[in-house]
Amino acid sequence: MIALSISTQARCELRDITAEIRSLVARWADERQRRDGALLLFSPHTTCGLTINEGADPDVRRDMVGFFGRLVPQFPERFGAPAFAHAEENSDAHIKTSLFGPQLLLPVSDGRLCLGRWQAVYLCEADGPRRRTLWAQWLQGEADE
Amino acid sequence: MIALSISTQARCELRDITAEIRSLVARWADERQRRDGALLLFSPHTTCGLTINEGADPDVRRDMVGFFGRLVPQFPERFGAPAFAHAEENSDAHIKTSLFGPQLLLPVSDGRLCLGRWQAVYLCEADGPRRRTLWAQWLQGEADE
Amino acid sequence: MIALSISTQARCELRDITAEIRSLVARWADERQRRDGALLLFSPHTTCGLTINEGADPDVRRDMVGFFGRLVPQFPERFGAPAFAHAEENSDAHIKTSLFGPQLLLPVSDGRLCLGRWQAVYLCEADGPRRRTLWAQWLQGEADE
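As they're listed, the protein sequences go chains A, B and C.
Each residue of the first sequence is one higher than the last, beginning at 1 in my numbering.
Each residue of the second sequence is one higher than the last, beginning at 146 in my numbering.
Each residue of the third sequence is one higher than the last, beginning at 291 in my numbering.
These aren't lab readings, by the way, just hints derived from the structure by calculation.
A hint or two may mislead.
[Claimed, not checked] Distance windows between CB atoms, simulated:
hint, chain 1, residue 1, chain 2, residue 2, range
1, A, GLY80, B, ALA288, 53 to 63 Å
2, A, ALA10, B, ASP204, 40 to 50 Å
3, C, PRO372, B, ARG262, 22 to 32 Å
4, A, ALA19, B, ALA232, 21 to 31 Å
5, A, ALA19, B, ASP289, 48 to 58 Å
6, B, ALA288, A, ASP30, 25 to 35 Å
7, A, ALA87, B, GLU176, 53 to 63 Å
8, A, GLY111, C, GLY370, 53 to 63 Å
9, C, GLU321, B, ASP204, 42 to 52 Å
10, B, SER150, A, LEU4, 31 to 41 Å
11, A, ALA83, B, GLY256, 27 to 37 Å
12, C, GLY370, B, SER150, 37 to 47 Å
Each residue gets a CB set at the ideal place from its N, CA and C atoms; glycine is no exception.
Please take these sequences and the hints and turn them into a complete structure.
Right, dumping it as structure tokens:
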């Protein structure tokens, strides 16, 4: 298992990490002949998840961050809902992390990371800015001709 | 990696693709002795995800499509929330795709796709109708007699 | 594939199953030399999912259960939204299960389950109390010294 270190800049942010993942997959193909299988990307944090979404127009991630902020407010009592009990005042970040999920499984074929044309891999920071670690584990597949 | 082609019929739809997946798993077991492991099913799109849910009563998927449509409206400004910025008017579809997730990992044991009695595999179309492609990658496991 | 049996105590509950998973991973490392790869944990149910989140402060799971209960009410007509159609009166449980997702892929390195310091593995019961079964499938990886 390999650890990747990623710095985030805001409390809530979708940070594009596609380039880091592509370069890890290329290195694995080159140095270890890992050509067909999948890369398990895992967030060992409870206030930061992972997702895949559009990488072209920055308005998409802006709309996503805005939407999730309204869906899961940090202080729901300001909107007439019951306050969260957790004393660290980041229950919103825990909830968002479960909505996005803590992991991705990314297909690798013939030594290349396989993403759709518009897809980017995002770390979903929900309680930053912080230095985050992601774990990458190789899983063995098989080529189909 | 294998590509599956699926056509959707509506802007938002849960399309049952269980039969297609079962038949791919059976073919792999037969032709390639892939008997124990998992099938990674991956959507290379940013406005269509994947989920597993009940396949028996069509009211379940109807309730799900209705709920997600109210949770993430295409035009939130009609409900007093800020409008989305993304000019393609499909930020709702991007958000739903991250809520469902872009992938599933389906257990395969002794050459059979393992699903619970009531489970069906769904493509979650959020910006159709379109012709969609899904990628299937085999991951190697091991039998536990 | 191995089946785990878990009992839940309430209609909606986040049940910590980390100890059960750790012990399965240790057993696999010991008896089958499964040291580097991942454990696929799969819920064959349509009203109970899986997630990872904080295990230290019970207020986090209390806040999560409360939030999801308000986000997806069992009887939305009591809050001015359209009633669900599904006659079993558990469409809320189906929706929550798709929000959490039916599976987790947990990294295993050198025979140990790899979780972050604050992470716990949760079964997300949404229509209990019930006896639930989870399936565990080993996927083969490779060590990176």
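Now the hints, each set against the structure:
1. About 54 Å separates the C-beta atoms of GLY80/A and ALA288/B, a value consistent with the hinted range of 53 to 63 Å.
2. A beta carbon spacing of about 41 Å between ALA10/A and ASP204/B agrees with the range 40 to 50 Å that was offered as a hint.
3. At about 29 Å, the CB distance of PRO372/C to ARG262/B agrees with the hint of 22 to 32 Å.
4. Range check, ALA19/A to ALA232/B: Cβ separation about 25 Å, and the 21 to 31 Å hint holds.
5. In this structure the supplied range 48 to 58 Å is violated for ALA19/A paired with ASP289/B, their Cβ-Cβ distance being about 39 Å.
6. Separation of ALA288/B from ASP30/A is about 33 Å and conforms to the stated range, judged on CB atoms against 25 to 35 Å.
7. A hinted range of 53 to 63 Å for the beta carbons of ALA87/A and GLU176/B is consistent with their spacing of about 57 Å.
8. At about 54 Å, the CB distance of GLY111/A to GLY370/C agrees with the hint of 53 to 63 Å.
9. Between GLU321/C and ASP204/B the beta carbon distance is about 45 Å. The supplied range of 42 to 52 Å therefore holds.
10. The hint said 31 to 41 Å for the Cβ distance between SER150/B and LEU4/A, and at roughly 34 Å that hint holds.
11. ALA83/A and GLY256/B have their C-beta atoms about 52 Å apart, which leaves the hinted 27 to 37 Å range violated.
12. Look at GLY370/C against SER150/B: about 41 Å separates their beta carbons, and that is inside 37 to 47 Å.
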